[in-house]
Amino acid sequence: MLTLAFVPLLSFGAPVKTDHVEAELVAERAALVPGAPTTVALRLRIEDGWHTYWKNPGDSGLATTLAWKAPRGYAISDIEWPAPHALPVGPLVNHGYEGEVLHLVTITAPTDAKPGTDATLTARADWLVCKETCIPDGADLSLTLPVATAAQADATWGARIAAARATLPQPLAGWSVDARGDGAKIALTLVPPPGAADAGALHFFPYAESRIEPSGAQTLARGDGGAYVLTLPVSSQQSGEFKRLNGVITAVNGLAAGGAHVKAATVDVPLIGTVVAGPKPTPEAVPVLNVNAGAPRVAATSMTLVAAISLALAGGLILNLMPCVFPVLSLKALSLAAPGRSDTPHMRASGLAFGAGVVVTFVALAGALLALRAAGEQVGWGFQLQSPAVVTALAILFFVLALNLSGVFEFGALWTGGGRALANPLADAFFSGVLAVVIASPCTAPFMGAALGYALTEPAAATLAVFVALGIGMALPFVLLSWFPGWRYVLPRPGAWMVRLKQLLAFPLYATVAWLAWVLGAQVDNDAVMRLMATLVTVAFALWAWRAFRGGGSRAFSVAALIALVVAIVVAWPLLRGDAVASATATTKPAAGDTTWQPWSPARVAELTRVGRPVFVDFTAAWCVTCQVNKRLVLNDASVRAAFAKRNVALVRADWTRRDPAITQALAALGRNGVPVYVLYRPGREPLLLPEVLSKGLVDDALAAI
Amino acid sequence: MPLPFLRPFTLAAALCTATALAQTPGQAAPDFALTDTAGKAVKLSDYRGKYVVLEWTNPDCPFVRNQYNKRSMQAQQKRWTGQDVVWVTINSTNRIHPEFKTPAAMASWMKAQEGAPAVLTVDGESAVARTYGVKTTPEMYVIDPAGKVVYAGAIDDGRSARHDPIAAHNFVQAALTQVKAGQPVAQPSSAPYGCSLKY
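From first to last, the protein sequence lines are chains A and B. Under the working numbering, the letters of the first sequence match residues 1 to 706, in that order. Under the working numbering, the letters of the second sequence match residues 1001 to 1199, in that order.
Rather than coming from a laboratory, the hints here were simulated on the basis of the structure. Among the hints, a few may not be true.
Listed below are several chain B residues computed to face chain A (Cβ distance under 7 Å; list not exhaustive) [said to hold, decoys possible]: (1) P1062; (2) P1098; (3) F1100; (4) K1135; (5) A1161; (6) S1189; (7) C1195.
Listed next, the in silico SDA-like pairs over lysine to any residue satisfying Cα-Cα at most 20 Å (straight line) [to be verified]: (8) K1148/B to P279/A; (9) K1078/B to Q1113/B; (10) K55/A to D1157/B; (11) K1078/B to A1168/B.
Computed Cβ-Cβ distance ranges for the label pairs, DEER-style [what the hints assert, rightly or not]: (12) R1162/B to R647/A: 56 to 64 Å; (13) R1162/B to A208/A: 20 to 28 Å; (14) D1157/B to D78/A: 17 to 25 Å; (15) P193/A to R1162/B: 42 to 50 Å; (16) A371/A to A1038/B: 35 to 43 Å; (17) R1162/B to A14/A: 19 to 27 Å; (18) A173/A to A1112/B: 56 to 64 Å; (19) V276/A to R1162/B: 30 to 38 Å; (20) G1049/B to D78/A: 48 to 56 Å; (21) R1162/B to W518/A: 53 to 61 Å; (22) T1102/B to K17/A: 32 to 40 Å; (23) E1114/B to E98/A: 33 to 41 Å.
Predicted model, so just to flag it, every value in this text is computed and none were measured. By construction, the Cβ of each residue, glycine as well, lies at the ideal position given by its N, Cα and C atoms.
Working from the sequences, and respecting the hints, build out all of it.
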């Protein structure tokens, strides 16, 4: 890979592709005019996740360089650098660029250049491109332009280069700026012209290395007359003269400068007073958000195995009440009161078999989760719902169960344990336990999140113990009912009302189907929802036809049922194949009113916290019901939104609806393994984790603690 | 690939160094204990009374490779080891980083490079790097016989992964030459350059 990068590559204006960068020289105008300046750009298109460097690369890295070979008489300026971004690399901070960057230079053709001839400008561009690994890379580039007496803007690049030039950092016209050194700190004061809009968070990037500590916190305060006072930590490497402070200042909301509104401005002022080298920041002293670098581990250590097992037991118990599970298990419980079921040893055995089915299925889930993680997959609880295939399959299963409760068809009621059973009653009970866990899988009960988060960061034995506890908790009510015959007498006597109850309980299941369809829509697209609906209609028809046949209808009904079943499978197949669908899709669109939320990335959060803003992160997923409830009732509430705005809290949303290893890692760093997770990053303090079930009061208290 | 069962180690390393002070010239070099690639326990304080060089390295870093491919780092190691200086080469790449190397892999890499550090160690929790506030590879420290840091920073003034390091001004060589001649170090620190330390 490296040797390839060193091979000189020559271009005649075409882009040169290296492993992670596409490079080319592009010109603002279609021709060079003798004696007139024109702008040429080194355009780097950097692969996602990688970055190149600004003139001062920060804690590590290397600035991009351009060495020109131009015909005699041509004047070529230094690179005019666009404003950099602060890019955290573990506990360190780099200054550089991601995505596409245009490095502008001004080229002036000599006055004696002859119109009608061509001029070829060649340059050696060298850059360091880094992700987790750094690769020194470069290319020999060239650009041939005609010399003419007048020149039009280049059709492709004219407007883009003009736009890039317009966003170059400009002097702050109308502002008064000064810098005062005091020990290991510099106070950079910027007084805006009257009536200037709020600039938002500021960050200063010094031109020279070893002046300001790249990973040190820059804190912003407001002074008299709306002045911004940015306190900068002096570099631990600072030595020798430090007489001027010069660099670039960036503002989240932009800066009003001489009638224009700029995102970045240049600062070049004398440094008043003297400074001394600052302390070297220990890597722990900065907010570390990259989990590869030993992120703050909140709550990960605050739980013992015993506490996790207790929470899992409670979570398992509560699972029985969740809308996906309750209808099925309550009918199963009522079936115990049915006549002719007084055979206590038999009932006890079947209760235990049910419990075994539940626990074994939970252990199998834990095993699958551990195996995926050992294979390097970034998965957490809820991973099963991140696949459109599983969501589709569950939607079909719930729909069939609901139709059964509605009485559209019978299939022996084996899963409610009511009527006819398998040949082996113990196997029947065991598999109804398995089914209970399958139908519970879309739900996460309160307390489960913390217990599972703990379990999945611990050794395999502890993980299994927590999952077993979850299974025991879920199975406990039914096992106890079957164990103590006397308890059954508290159940209402069977009767005709049970049929009505059964039909009534179909509705929570239909609701679950509706919700799963919505999840599928968020994961894939509207077409997928239509496909699922078509499948469900066909399935309903197949079951209706099958029942008509079994109820004495003609053989044609059985043929119709079979055909409908085949059609249902064919229609659902693209969804059940899963990944192909998920990868071909658009991302979840933010709902109306979500415009204040920014999409999450570790770099985004780190950049916001570095500029001293508190950051609230909502780790959520479409398939997480608790998340949706919290969002609608608390986070979207007008008073909560106002409270966030008042404290200038940046709102960031991490959407885990589909698999995202970066989010899984960030959750793990917070000691969690599922959503919802709400975390408030506070400047200079430990991040604060909020409970899974939010209330306005809880959010207010958290904000008061900023 | 983050491995859940390694978390306790990283956590322990983080806790151990949370209160550590990073090092600048003139201050005492904090002690540390590591195991070298041969399995021997080493402590910085064992070398009290001698000059010590700490070299932070990472074989996957192009800036480090530039120093080794052009035989400059090995020449410095041999030269100063021959003058009773203890040269300690540390790879603090974190265990969870893809560029992590086991002690055996580090030993065979160094052998292939024909390098000659007195001590070669792997600091898989990046704990020693955190204590010293190391930012890059290569990054160099020179410690005097009293255990005081006399130089901290870059290996040389080349500031690239391409220059000829033999022709560059080598800060470590300059510092050791000066202190051995009883002179103060003219440039006790410089801005380190290179790859980021893989915490």
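Which earlier hints can't be squared with this structure? 3, 12
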